[in-house]
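Novice: Sequence:
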Amino acid sequence: MANITPKHFNWRMEGDVAVISLDRPERKNPLTFESYAELRDTFRDLVYADDIKAVVFGSNGGNFCSGGDVHDIIGPLIDKDMKGLLEFTRMTGDLVKAIIGCGKPVIAAVDGICVGAGAIIAMASDLRIATPVSKTAFLFTRVGLAGCDMGACAILPRIIGQGRAAELLYTGRSMSADEGERWGFYNRLVEGDVLEAEAIALATRISEGPNFGHMMTKTMLAQEWNMGIEQAIEAEAQAQAICMQTEDFNRAYKAFVAKEKPVFEGN
1 MANITPKHFN
11 WRMEGDVAVI
21 SLDRPERKNP
31 LTFESYAELR
41 DTFRDLVYAD
51 DIKAVVFGSN
61 GGNFCSGGDV
71 HDIIGPLIDK
81 DMKGLLEFTR
91 MTGDLVKAII
101 GCGKPVIAAV
111 DGICVGAGAI
121 IAMASDLRIA
131 TPVSKTAFLF
141 TRVGLAGCDM
151 GACAILPRII
161 GQGRAAELLY
171 TGRSMSADEG
181 ERWGFYNRLV
191 EGDVLEAEAI
201 ALATRISEGP
211 NFGHMMTKTM
221 LAQEWNMGIE
231 QAIEAEAQAQ
241 AICMQTEDFN
251 RAYKAFVAKE
261 KPVFEGN
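So for the sequence shown, my numbering puts the first residue at 1; every next one is plus one.
One or more hints might be untrue.
[Claimed, not checked] Restricting the straight-line Cα-Cα distance to at most 20 Å, the calculated cross-link-like pairs of lysine to aspartate or glutamate (DMTMM-like) are: (1) Lys-83 with Glu-34; (2) Lys-135 with Glu-196; (3) Lys-135 with Glu-179; (4) Lys-254 with Glu-208; (5) Lys-254 with Glu-236; (6) Lys-259 with Glu-208; (7) Lys-7 with Asp-45; (8) Lys-83 with Asp-94; (9) Lys-218 with Glu-236; (10) Lys-97 with Asp-72; (11) Lys-97 with Asp-45; (12) Lys-218 with Glu-191; (13) Lys-135 with Glu-191; (14) Lys-218 with Asp-94.
No lab work stands behind these hints, which were simulated from the structure alone.
Start from the sequences, fold in the hints, and give me the full structure.
Specialist: As structure tokens, this is what we get:
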């Protein structure tokens, strides 16, 4: 899958890391119907891509994503009936499901504008690195909609807390980079000239670990949202027992005995 050539976004490989960015920098990288669908399908296919270990969803031209394109998406939505509208909102939600379910760690590298559906993509990622000038906003109420879009009311409170999430989702105001780091939305802030390199370095470090174990970690992080503590502990016991059957677990033990650094192969 590493050699795919998407039509509606940028794609390149850095070792085992796929680097994605939207490709309309002159308009701050808005999403279209086509890019939504192609991103959804690509993240779905990542489940089966053994040649890709991690993903960086990056910025382009100083911005991450300005959300749904006003002319290409919002305008046409005005003329759709309820069936067509629901098909669209389910499709956008399917992108979030695909990012969460792709089995690969996803790192968002956020510069500049990160709003609307762009903020959702960052939210759905596993880790987020941003620049000090990044501005993140869940704009939905500012265009007459509810803040509950693409899983925001379920996921955002788990990252930054219920009260902070409620403020952003009710008001649609921008969250500054400093707020985002302080609140735990961003793992750290870096300067723009090293943003992508830092994200790729982190993704590479993760990709060099036990990738089957990473898949299990990502799966449990998602599935345990709906579990009680007892069910979560049992699910993790089963997941860890499965991981103990991998060759990576055996490699780690042998490397420890030999006082060497383990070289993981993901099996």
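Novice: For Lys-254 and Glu-208, compute the direct alpha-carbon distance and say whether it is at most 20 Å.
Specialist: 17 Å, holds
Novice: Going straight from one Cα to the other, do Lys-97 and Asp-45 come out at no more than 20 Å?
Specialist: Cα-Cα ~12 Å, so holds.
Novice: Does the alpha-carbon distance linking Lys-218 and Glu-191 stay inside the 20 Å limit?
Specialist: 28 Å, violated
Novice: Are Lys-7 and Asp-45 close enough, with their CA atoms no more than 20 Å apart?
Specialist: 16 Å, holds
Novice: Within a Cα-Cα threshold of 20 Å, do Lys-97 and Asp-72 meet the stated pairing?
Specialist: 23 Å, violated
Novice: Between Lys-218 and Glu-236, does the CA-CA distance stay at or below 20 Å?
Specialist: 12 Å, holds
Novice: Is the Cα-Cα distance between Lys-135 and Glu-196 20 Å or less?
Specialist: 17 Å, holds
Novice: Between Lys-259 and Glu-208, does the CA-CA distance stay at or below 20 Å?
Specialist: Between Lys-259 and Glu-208 the Cα gap is close to 18 Å, so the pair holds against 20 Å.
Novice: Does the structure keep Lys-83 and Glu-34 at a Cα separation of 20 Å or less?
Specialist: Between Lys-83 and Glu-34 the Cα gap is close to 19 Å, so the pair holds against 20 Å.
Novice: Would the pair Lys-83 and Asp-94 pass a check requiring their Cα atoms to be no farther apart than 20 Å?
Specialist: Judged against 20 Å, a Cα distance of about 16 Å means the pair holds.
Novice: Does the structure keep Lys-254 and Glu-236 at a Cα separation of 20 Å or less?
Specialist: This hinted pair is violated, its Cα atoms lying about 24 Å apart.
Novice: Keeping to a limit of 20 Å between CA atoms, is the pair of Lys-218 and Asp-94 held or broken?
Specialist: Judged against 20 Å, a Cα distance of about 17 Å means the pair holds.
Hints 5, 10 and 12 from the list above are not met by this structure, while the remaining hints are.
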